[in-house]
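Going down the list, the protein sequences come from chains A and B.
Here our numbering is used: position 49 in the first sequence is 49, and no number is missing along the way.
Here our numbering is used: position 527 in the second sequence is 969, and no number is missing along the way.
Among the hints, a few may not be true.
[To be verified] The list that follows gives simulated cross-link-like pairs (lysine-lysine, DSBU-like), each with its CA atoms no further than 35 Å apart:
no.: 1; chain 1: B; residue 1: K886; chain 2: B; residue 2: K829
no.: 2; chain 1: B; residue 1: K583; chain 2: A; residue 2: K302
no.: 3; chain 1: A; residue 1: K274; chain 2: B; residue 2: K583
[Stated by the list, open to error] Some but not every residue of chain B turned toward chain A, in silico, with C-beta under 8 Å:
no.: 4; residue: T528
no.: 5; residue: G529
no.: 6; residue: A530
no.: 7; residue: L532
no.: 8; residue: W562
no.: 9; residue: P563
no.: 10; residue: A564
no.: 11; residue: R565
no.: 12; residue: F566
no.: 13; residue: G567
no.: 14; residue: Y568
no.: 15; residue: D589
no.: 16; residue: G590
Read the hints as simulated data drawn from the structure, not as lab findings.
Ideal Cβ placement from N, Cα and C applies to all residues, glycine included.
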Amino acid sequence: MLRRLAISILLAGFAIAAMARTRPHYGGTLRIETAGDPWQNPGGVARRLVFDGLTEIGPDGALRPALAVSWKSENAAHRWTFRLRSGVRFHDGSALTSIAVATSLMETCGGNCPWTAVHALGSSVVFTSDAPMPNLPALLASVEFLIRAPQSGENKIGTGPFQVAGTTDGVLTLAANESSWAGRPFVDGIEIRAPRSVSDQWVDLAAGRADVVEVPAAQIHQAQQQHFTLAVSLPVEVLALEIAPSGALANRNVREAIEYAIDRNALANVIFQKQAKPSGALLPQAVSGYAFLFPGERDLNKAHELRGGMTPALMRIRAEGGPAFQLVAQRILLNLREAGFNVQLDASGHSADLVLRTFTAEGADPAGSLAEILRAAGDPAPAIGADPAQTYRAERDVLEDGTLIPLLHLPRAYATAEHLRDFRLRFDGTPDLADASLEAAK
Amino acid sequence: MSLRQKLLLLFSLTVTAAVAAVAWTVLVRIRVVFEERDQEETALFVSQFQREFQIRSSEVTAAVDRLAASERASAMAVELAQSGDTGAYLSEAQRMAQDAHLDFLEIVGPAGDIVSSAQWPARFGYPEPAALTSDPGSFLKREELSDGSAALGLFAVRSVRGSGDGLRLIGGVRLDQAFLANLPAAPGMSVALYTDDAQNVNAAAPAFEASRLIGPDGPASHAAIYEPLIEAVLRSGRQASAILYLGKRREDSINVAAIPLQNAAGKVLAVLTVAISRASMVAAQQHIRAIAYGVASGGILLAIIFSLWIAARVSRPIEELARASQEIANGNWDVCVPERGRDEMTVLARGFNHMAAQLASQRERLVQTERVAAWRELARRLAHELKNPLFPLQLTVENLARSRQLPSAEFDEVFEESTRTLSMEIANLKTIIGRFSDFSKMPKPQLEPIDAAAVVERVRLLYESACGPGIAFRVDASPEPMPLCVDPELLHRAVSNLVLNAIDAMPDGGTLTMSARPMGESVEIRVADTGEGLTPEECERLFTPYYTTKLHGTGLGLAIVQSVIADHAGTIAVESHDGAGATFILLLPKASL
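Next up, chain A with everything else stripped away, as it sits in the complex (with noise of 0.2 Å):
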């Protein structure tokens, strides 16, 4: 009997324990180390963390109520009202009003925001266009929009879970948000170490110096071969071609020699390490399903067919982002070069004929990424409906001009300490840290 006790009495304790490891610990300060301005928009790691939206994309990719509760479309989608939350408040103790709202958002679109109008009503926030609006809830999920307090000025004043405390050292540091809406995050606090290349990130991690690092899609091959533990989101950014429509490059079909001459492949195969997926679409695979309708092969016969034989003048390529850009970049520039286009890197930074972009698709609604993306390609975005038919004859349309031309797409990936728990990534690809927390040092 007392055996058996003994042995129960065990058993309790080992089913504690192990419930023990798998309850989240409050406390701790998170480190994390990024290469760029932590404040960058778009990609920024702390905006998301400062700040909040009226919408959020979930980690599904499906849109979900944030600081707006509800919305409702009127008059086929040229009017939107956003009933707000309530009992929110700012990091500096004010409340979130509908005025605060609407007037944050007219500060940070300013005279390019995608509707015509925005007003407070009450607790709703009223937006009004003269041209529909179908993917406005989606739009204001995105970081562009997120809300930040009125005169707030350079202080990052926002709603998030985390405000921040100070900047020592070219550390960023944030404390928790104990009267966050979405409850109180697990650490204390989060020490954002910024620029800090890639490599120098690495050791960190490995010497326990930091909790969360970045890893280049270039790079996850290499995280896996050193054994990080890595967090991968779905290939949500697209790497494309911009092509300036102008002297020789006006014509299209030089520009559409200029896509058959691209080797995809072989940039997602080798420098990307398989990671990438080579594609002649926007919109990810994982978002709008019709990708595979933009294969994007390379095709050089046709190249010089289009070229006609005509030797365009020197060009200027320029890659914005890191060295894999960069080197994506030169590799464009052969593979031009080899079609019988005079091509150069272009140093200057303000004059290339083709610029390297990044885009993200922010969430899984195939027509707000779009509209999200084209609005970042400075393209006037057409309005989408809901229908995948119609964002597909959108998406062709805009492609079929040439001036713009999908090479890849590419997940986002960060290492993580082992200690580090719950540590997710949003559906576009940046952290969300509301729920990581650290466990306690043994």
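Let chain A serve as the given structure and place chain B on it in line with the hints.
For chain B alone, coordinates are given in the frame of chain A:
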């Protein structure tokens, strides 16, 4: 130029020429020796550089060898053979190149396609023909880079151990500023590298670009002066050397050897220049030249001093002889040349002294003889002149004495006639005596400026009308100025005398011509007649006092003319041919204006 000066000049020139010839020969020889040494030194440095280049080539080959033999490369070859996935090795070349301290490294697959490139990672999959070479040594290659530029490199190719010829490594180092800086360079020596661009390599006439010549510290200074040499090497593909001038001075020159750097196909991709300053050599040459010039100048100075002494010693007896001769010529017969030693000059001096003594003695005798002859002539003339009036006087006196027997009236007539005749003859005697008196006391000339034409004109005015109808009077005076500084009266009397003689010489008429013309520093006045002329003997004696060809002349006219002309530092001469008239020529010094 005196004999002493001539001797001095001759000796000096001889010695100077000899010294200059010796100095020139020495300097030329020194220059040749220095140039040879300079060339040898340059050749030595060039060979040293070539050895250094070989060492660097061996280092590159060894580095690529080690990489090809490394386990890392072998493992990669095995994995590639098994998986065929080249993507995983994108950065491998960069890592290997960094470890091996190579600037260039490419991993090339069996088909000649790049698996991984350190210098241009994006070139994966593109062919690299140079990797297929079977050359076991190193070679030069122009490597295109991602920024559009091209770099020259020293490359070697090796197959990865265990892969057969499947996987190759082509690695190299860059021939650039850093490469040049690592080459050993002696003081005063500089190296530079001219890298031809890709278009130029294939051009028929490569064009030089100064900016492409770089040294260890950046763009080479004075790059433009290398142009002819580098172009010659680019065209010929052979090493060349030349002396190039950085400035105008010789010490600012450099001896440059240009070495072509060729690829496996023999194309000149670059030119390595090794420049050695000639400043120290030129300074040494200049130092030696200065010493040579100093010694030569001293030698020449000593030679001139010695020549002065020799010339004085040789020329002194001759100068004494010359001075003595001059003294004798000047009428000083009491000169004597010193007789020193027993050489030929002493014999000459002794002979001269004897000759001078003989001449003085003969002259004395001649003077005495002439004096006696003159007195005789004077006596003869006086007797002759005085005899003519004396004879009528004697007859008149005798006639007067006889007439005392005549009646008083007839006696008075005879007496009156006789006293008139006596008075006339006595007057005639006075005239004769007056002429002799005039000759003995010629007045001193009172010099005044006058033109010769005026002299001639004055005579013409006086005598043209007096010539008579049978004589034509012609005057031919030059329009050029003919200034004279003479006593106008004396000259007028002299020329008038010549004109009167000419009129007398043409009793049957003829032409009298007076002319005046400048002749260099003199003025010539001619008086010519067309009378019977003079015999040579008459011409010879014409100016002797008391000699006359006239029936009633005193023979003093031309003597007075000659005396007047001589008093004006002039000369008088006569030209005549028998039956063709006579011409008297006066030459008077022209006065300065």
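Inset, instruction - May I ask which of the numbered hints given earlier this structure violates, with the numbers listed in increasing order? - result: Violated hints: none at all, because every hint is consistent with the structure.
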